[in-house]
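**Q** Quick note on numbering: the sequence shown equals residues 3 to 394 in the numbering used here.
Calculated directly from the structure, the hints in this document are not laboratory data.
Any given hint might turn out to be false.
[Unchecked claim] Below are the EDC-like pairs computed for lysine to aspartate or glutamate, each with C-alpha atoms no more than 16 Å apart in a straight line: (1) 341 with 24; (2) 167 with 216; (3) 378 with 310; (4) 267 with 24.
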Amino acid sequence: MYPQRFSALPAYAFPRLRALLDHLPSGGEPIAMTIGEPQHAFPEFVPEVLAAHVSGFNKYPPNDGAPELLEAIASWVGRRFGAKVDAATEVLTLNGTREGLYNVNMALCPESKNGQPPVVLIPNPFYQVYAVSTLSASAEPIYVNATAETGFLPDYAGLPEDVLKRTAMCYICSPANPQGAVATESYWRELIGLAERFDFKIIADECYSEVYRDAPPTGALEVAQKMGADPERVLIFHSLSKRSNLAGLRSGFVVSGPQNIARMKQLRNYAGTPLPLPLQHVAVACWNDETHVAASRALYAEKFDLADEIFADVEGYQSPEAGFFLWLPVEDAEQAAVKLWTQTGVRVLPGSYLSRDTDAGNPGQNYIRVALVAPKQDVQRGLLALRDCIYG
């Protein structure tokens with residue numbers, strides 16, 4: 003029988019979008035601006051590395067990650083964030099970060115907190131896996147609205163103390179999906195201090211950290227180490243999907259304290275799917291190279307500059323700091339998505355499909371998410387059509 007705790011979980015965003023639009027005729031040549039699937043070229047060296055290690059497909063890959071991959075990840079974290087990481091005990095490779103972001107609560111969320119059912123804090127809107135992970139661990143999700151008034155990041159410090167005392171875990175995505183907001187060092191310091199005070203773990207989803215416009219986003223781990231926080235307090239998640247345009251490689255990682263990683267490794271022995279060895283060698287080469295990352299980032303910068311120009315006169319438009327989405331204000335998300343599709347062929351995602359109703363309202367109800375992953379000329383055509391249709 004389907005577990006009762008999942009009964010309130012709505013359909014995933016993209017099946018909902020298909021139900022909304024697929025039966026309606028397109029108003030023009032279709033332009034997909036929905037899913038965040040990078041379309042920039044992946045690194046040129048990938049085929050060569052893959053071919054050189056293709057014989058590895060006849061071996062079972064190591065569950066925790068090949069030593070050379072763990073070392074490459076630890077070295078990259080050190081270079082990128084100035085954080086000291088032990089490759090053997092503080093790194094776990096993942097079959098895409100979705101695996102880890104889902105399994106983390108099963109591995110680490112306690113059955114109770116201070117004698118009560120545990121709470122997991124979730125930014126609203128959010129990546130839907132956060133909610134399913136929470137429910138799978140029989141914890142209570144608390145959705146905290148991230149709005150323009152809060153800088154598009156959740157204000158966890160503003161929650162009642164009785165909620166914080168029950169909090170076992172909290173998710174935070176920086177750069178934020180979908181708004182592109184970046185947590186500053188002061189934001190991380192406040193959140194880490196709050197977690198230390200109320201003894202909960204921070205699940206930092208930093209998968210968009212290498213797609214930025216000006217300064218590299220500050221990471222949770224670098225701030226935690228500066229503060230001398232408990233090494234088990236913060237878990238950071240990264241991936242090659244966005245950084246290296248390799249969504250199909252399914253290569254990511256989690257870094258945290260040795261106890262957290264040991265428990266996640268133990269669960270992965272049974273529930274995980276290790277990355278095949280040839281793909282692990284590709285991942286090593288990608289983490290060791292920054293040239294392709296900078297080239298891809300420059301392409302996104304051009305598209306964000308284009309968006310700033312096109313929407314310069316749109317009231318409420320906020321240029322994102324990082325990531326590759328626009329979070330555009332509209333009167334009604336579903337109505338805007340239907341209008342765009344039927345009048346122009348542009349396909350976008352209603353913001354309400356990424357968020358939940360709360361006592362303070364649904365923060366996605368009056369927004370649409372627009373992905374800037376297509377080539378520049380397609381993005382330009384889509385954004386111009388969107389502007390003229392919705393804001394004209």
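**Q** For every hint, state whether the structure bears it out.
**A** Do the hints match the structure? See the list:
Distance restraint check for residue 341 and residue 24: the Cα-Cα separation of roughly 13 Å lies within the 16 Å cut-off, and the hinted pair is therefore satisfied. Restraint check: the Cα-Cα separation between residue 167 and residue 216 comes to about 37 Å, which exceeds 16 Å; the hinted pair is violated. Only pairs whose Cα atoms come within 16 Å are accepted, and residue 378 paired with residue 310 is accepted, the gap being roughly 14 Å. Annotation: proposed proximity of residue 267 to residue 24 is violated, straight-line Cα distance about 41 Å (limit 16 Å).
Hints 2 and 4 from the earlier list are contradicted by this structure; the remaining hints agree with it.
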